Amino acid sequence: MSVLEGLATLLPLSAAVGIVLAAMKREDPGEILRVGAKNLALLAGGLVGLAAVLQGLIWLAG
Amino acid sequence: MSPSGRSRTIRAVADPAVVADAQPSGAPPRPAWAARTARPTDPLVAAVLAWAFPGAGHAFLARRRKALLVGGAVAATYLAGLAVGGLDTVSATREPIWFIGQAFGGLLTLLTVAVSSPPHPVPPSAGLEAGTLYTCVASLLNFMLVLDAAGTAAKDLKPPKEESPTPGGEPGRPVEGRVEGAVPIP
Numbered sequence: 002m003s004v005l006e007g008l009a010t011l012l013p014l015s016a017a018v019g020i021v022l023a024a025m026k027r028e029d030p031g032e033i034l035r036v037g038a039k040n041l042a043l044l045a046g047g048l049v050g051l052a053a054v055l056q057g058l059i060w061l062a063g
Numbered sequence: 397m398s399p400s401g402r403s404r405t406i407r408a409v410a411d412p413a414v415v416a417d418a419q420p421s422g423a424p425p426r427p428a429w430a431a432r433t434a435r436p437t438d439p440l441v442a443a444v445l446a447w448a449f450p451g452a453g454h455a456f457l458a459r460r461r462k463a464l465l466v467g468g469a470v471a472a473t474y475l476a477g478l479a480v481g482g483l484d485t486v487s488a489t490r491e492p493i494w495f496i497g498q499a500f501g502g503l504l505t506l507l508t509v510a511v512s513s514p515p516h517p518v519p520p521s522a523g524l525e526a527g528t529l530y531t532c533v534a535s536l537l538n539f540m541l542v543l544d545a546a547g548t549a550a551k552d553l554k555p556p557k558e559e560s561p562t563p564g565g566e567p568g569r570p571v572e573g574r575v576e577g578a579v580p581i582p
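Quick note, the sequences are listed as chains A and B, same order. Counting from 2, one number per residue, gives the positions in the first sequence under the working numbering. Counting from 397, one number per residue, gives the positions in the second sequence under the working numbering.
Hints in this document: simulated from the structure, not taken from any laboratory. Computed from a prediction, not measured in an experiment: that's the story for all the values here. A portion of the hints provided could be inaccurate.
Residues on chain A that point at chain B, a partial pick, calculated with CB under 8 Å [stated by the list, open to error]:
id, residue
1, Leu8
2, Pro13
3, Val21
4, Glu28
5, Pro30
6, Ile33
7, Leu61
Computed footprint of chain A on chain B, listed as stretches where at least three residues anywhere in the stretch have a Cβ under 8 Å from a Cβ of chain A [to be verified]:
id, stretch
8, 452 to 463
9, 470 to 483
10, 526 to 534
11, 540 to 551
C-beta atoms are modelled at their ideal positions from N, C-alpha and C, and glycine is treated no differently.
Bound-form chain B, shown alone (with noise of 0.2 Å):
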């Protein structure tokens, strides 16, 4: 190989615009960024995900450990409440203004709402029941999953401010071979 020809590999490698372009004919040109971290990034799809379930928001950004956690503490609220006040907690006829907020649990408020729907209409509860604040609260928390995990993803999308776009690619790694305009030191 000529030195021109080795120059111009390592700088395709450095750049990330250069690397880009370098994709396959018919394939969307993605980033470099996104090819060194190949972690799915669709805020939409994130977001939806966290809705369906706690924490698989999370999960689906390859937050797997984060999505155990929160997703947890989500889940168990929202089934603690479940226990406490049993199925007929989650319910548009007998709590309407607490089931705004439940709508936010995703398929664990309309799972219970196909589990429990009741043949006869229910009679409103006279007070707060525990089960009804547990069950809205744990979903309000999974609104603010959502908005974490599309946030999360908004965030992956962007390039990293450490990105270099002089040759060598990575910042503090030194350059091999031989690069154009470079002065050779005796």
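This is chain A alone, in the form it adopts within the complex (with noise of 0.2 Å):
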């Protein structure tokens, strides 16, 4: 599995992930969705992040 299609597998996972978090002790689902985004973009942003590291290292391993 490349870099690409693990960014592409665990991108759709972060969505769940980032409602749920958001809906832990929060009543308004208004709140959920907005934390919930804000979640999403932070977990998207670090899987990014991420894999252009992993790029990065296996490009100057050659």
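Using the hints, put the two chains back together into the complex; each one sits in its own frame.
This is the structure:
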């Protein structure tokens, strides 16, 4: 599995993880969606950054 | 009605303990806050329902919009895993370690196992498949919903902090009628 395939696999999971994490101890669905979107952005940014680092290491290793 | 009788009536409405005692004989005493909210608050039932199907525990606790949101997210992830990897991704013989996590998926996992049970043993997969990962993560997220539903139900059982035991019941609400011990304002 390449880095791009791993990224494509994990990014959709970030949406569910972000929403469920946001729903803990929160009642208002609007607030859950807002915090969930923020969690999704954080997770997606982290995954893209990690994928870039991994791809760079692979490129350096030749 | 005499003034003293009226003051007893006001006190009975205002005092939660008196309201709890005023239930019909034979019925278990019910706290005043539970009578006001009228929501089901059994943590065990909420946890079992939340395990059985994503979001069912929150729907039982009368949080239907939250149940639709989180249950839909978890169920969509689980079904996406089944769509990507097929029904064989949920198998205790093929993926025994991942099946431990998938067991938290409740009826989704039970139904998938019942439908996909092959007549012959399936060889273990060579590597991690996306469908296995999706179903396992969705099931573990469902376990988080179980904990949240049980915690929410337990929180509903507790009286709210702003509960006022003083005459008048709700804070900030003026007391009508005559209250015992009150000094009339000239």
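Results of checking the hints against the structure:
1. Leu8: At about 12 Å, which exceeds the 8 Å cut-off, the nearest Cβ of chain B leaves the hint on Leu8(A) violated.
2. Pro13: holds, 7 Å
3. Val21: holds, 5 Å
4. Glu28: Nearest chain B Cβ about 7 Å off; hint holds.
5. Pro30: Constraint on Pro30(A) satisfied, holds at 4 Å.
6. Ile33: Given a least distance of 6 Å, the restraint on Ile33(A) holds.
7. Leu61: violated, 25 Å
8. 452 to 463: This one holds; 3 residues, not fewer than the three required, reach chain A with a Cβ under 8 Å.
9. 470 to 483: holds (count 4)
10. 526 to 534: With 5 residues closer than 8 Å to chain A, the stretch 526 to 534 of chain B meets the three-residue bar; holds.
11. 540 to 551: Our answer is that it holds, as 4 residues pass the Cβ test (under 8 Å) against chain A, meeting three.
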